[in-house]
Amino acid sequence: MAKIQLNGKKITIQTNFLIIDLLKKYKLFNKKIAIELNGSIIPKSVYKKKKLKNNDIVEIVHFIGGG
Amino acid sequence: MKKDIFKVANKVLKSRLIVGTGKYKNFKETASAVEASGADMVTVAVRRVNIIDKKKPILTDYLNLNKIILLPNTAGCFNSNEALRTLRLAREMGGWKLVKLEVLGDKKTLYPNMIETIKATKTLVKEGFKVMVYCTDDPLLAKKLEDDGAAAIMPLASPIGSGLGLQNKINISLIIKQSKVPVIIDAGIGTASDATIAMELGCDGVLINSAIANAKNPILMASAFKDAVISGRKAFLAGRMNKNYLAKASSPTKGII
Numbered sequence: 001m002a003k004i005q006l007n008g009k010k011i012t013i014q015t016n017f018l019i020i021d022l023l024k025k026y027k028l029f030n031k032k033i034a035i036e037l038n039g040s041i042i043p044k045s046v047y048k049k050k051k052l053k054n055n056d057i058v059e060i061v062h063f064i065g066g067g
Numbered sequence: 001m002k003k004d005i006f007k008v009a010n011k012v013l014k015s016r017l018i019v020g021t022g023k024y025k026n027f028k029e030t031a032s033a034v035e036a037s038g039a040d041m042v043t044v045a046v047r048r049v050n051i052i053d054k055k056k057p058i059l060t061d062y063l064n065l066n067k068i069i070l071l072p073n074t075a076g077c078f079n080s081n082e083a084l085r086t087l088r089l090a091r092e093m094g095g096w097k098l099v100k101l102e103v104l105g106d107k108k109t110l111y112p113n114m115i116e117t118i119k120a121t122k123t124l125v126k127e128g129f130k131v132m133v134y135c136t137d138d139p140l141l142a143k144k145l146e147d148d149g150a151a152a153i154m155p156l157a158s159p160i161g162s163g164l165g166l167q168n169k170i171n172i173s174l175i176i177k178q179s180k181v182p183v184i185i186d187a188g189i190g191t192a193s194d195a196t197i198a199m200e201l202g203c204d205g206v207l208i209n210s211a212i213a214n215a216k217n218p219i220l221m222a223s224a225f226k227d228a229v230i231s232g233r234k235a236f237l238a239g240r241m242n243k244n245y246l247a248k249a250s251s252p253t254k255g256i257i
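The listed protein sequences correspond, in order, to chains A and B. Residue numbers for the first sequence follow the numbering used here, beginning at 1 and rising by one. Residue numbers for the second sequence follow the numbering used here, beginning at 1 and rising by one.
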């Protein structure tokens with residue numbers, strides 16, 4: 001198990017959890033989103049390779065209404 | 001007369017009205033207002049996904065993205081680093097390069113911080129973004145933004161969400177005269193006639209959010225703005241009559257009985 005912070009909320013995930021696993025868990029796979037891991041943007045091409053580790057800080061963003 | 005084309009950063013837009021998607025009751029109302037406005041470009045904000053409620057609807061499911069160009073903004077950013085972070089994320093989301101930069105300087109007026117705005121514009125242009133820039137109505141700063149590579153100059157008519165309309169026609173006219181990139185009024189428009197006035201001055205377009213979303217009937221107001229922008233543009237192209245201090249009769253005096 002690993003503890004990470006996702007969009008400001010502490011959550012627990014399994015060890016060796018990939019970014020793509022996280023997206024599937026939150027039903028965000030194939031949605032128009034972008035991910036930042038510890039302050040760096042993660043390109044879509046590495047969602048399947050990048051493993052999450054303890055204390056990682058993840059931000060997932062999307063478009064909402066705005067002016 | 002040659003065809004009147006509105007082009008921003010090589011994208012040809014059918015409508016000179018750009019609309020925001022904030023402040024609506026729900027996404028259905030947003031979608032109906034966008035449709036009624038005839039706009040083919042809409043602004044969107046970048047925010048955290050709601051991870052607690054996975055079933056919550058999302059805006060992009062309600063917009064026809066084959067027809068509508070999303071223009072990501074940096075609303076809520078108070079320095080250039082926050083704005084850059086937001087727009088780099090927006091680009092990653094779907095390859096967006098055309099963006100709206102707004103770096104705010106003051107919470108009460110939401111006036112742009114022009115020092116940070118210029119800094120961010122330079123970096124974004126270097127990174128290959130096409131940047132439409134929310135700015136003050138100072139002609140010198142507008143020129144500076146254009147020289148730094150802004151794709152469009154977007155001066156405020158009055159503070160964001162104030163509905164006070166065009167407060168400084170002289171400055172806006174000076175900016176229009178000197179600019180080679182499109183000048184789009186962003187912020188402060190209150191009602192349809194304000195948009196017409198901006199277009200009659202020679203603005204290339206207007207961006208409206210609150211004036212539509214906060215109307216009692218937003219969908220009807222969206223269609224009012226559609227007509228107002230078209231009318232203002234036509235009047236600008238037609239060229240208004242001269243102003244006279246005294247009357248000039250419309251009917252001929254010859255043949256009076």
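One or more hints might be untrue.
[Said to hold, decoys possible] Listed next, the in silico SDA-like pairs over lysine to any residue satisfying Cα-Cα at most 20 Å (straight line): (1) 27/A with 56/B; (2) 27/A with 50/B; (3) 226/B with 214/B; (4) 31/A with 126/B; (5) 32/A with 63/B; (6) 10/A with 44/A; (7) 44/A with 20/A; (8) 126/B with 114/B; (9) 31/A with 125/B; (10) 56/B with 44/A; (11) 10/A with 214/B; (12) 10/A with 64/A; (13) 56/B with 29/A; (14) 54/B with 33/A.
In short, the hints are calculated from the structure, not lab data.
Going through the hints against the structure:
no. : hint             : result
1   : 27/A with 56/B   : 11 Å, holds
2   : 27/A with 50/B   : 11 Å, holds
3   : 226/B with 214/B : 16 Å, holds
4   : 31/A with 126/B  : 29 Å, violated
5   : 32/A with 63/B   : 13 Å, holds
6   : 10/A with 44/A   : 23 Å, violated
7   : 44/A with 20/A   : 9 Å, holds
8   : 126/B with 114/B : 18 Å, holds
9   : 31/A with 125/B  : 28 Å, violated
10  : 56/B with 44/A   : 23 Å, violated
11  : 10/A with 214/B  : 37 Å, violated
12  : 10/A with 64/A   : 23 Å, violated
13  : 56/B with 29/A   : 15 Å, holds
14  : 54/B with 33/A   : 14 Å, holds
Comparing the model with each numbered hint stated earlier shows that hints 4, 6, 9, 10, 11 and 12 do not hold.
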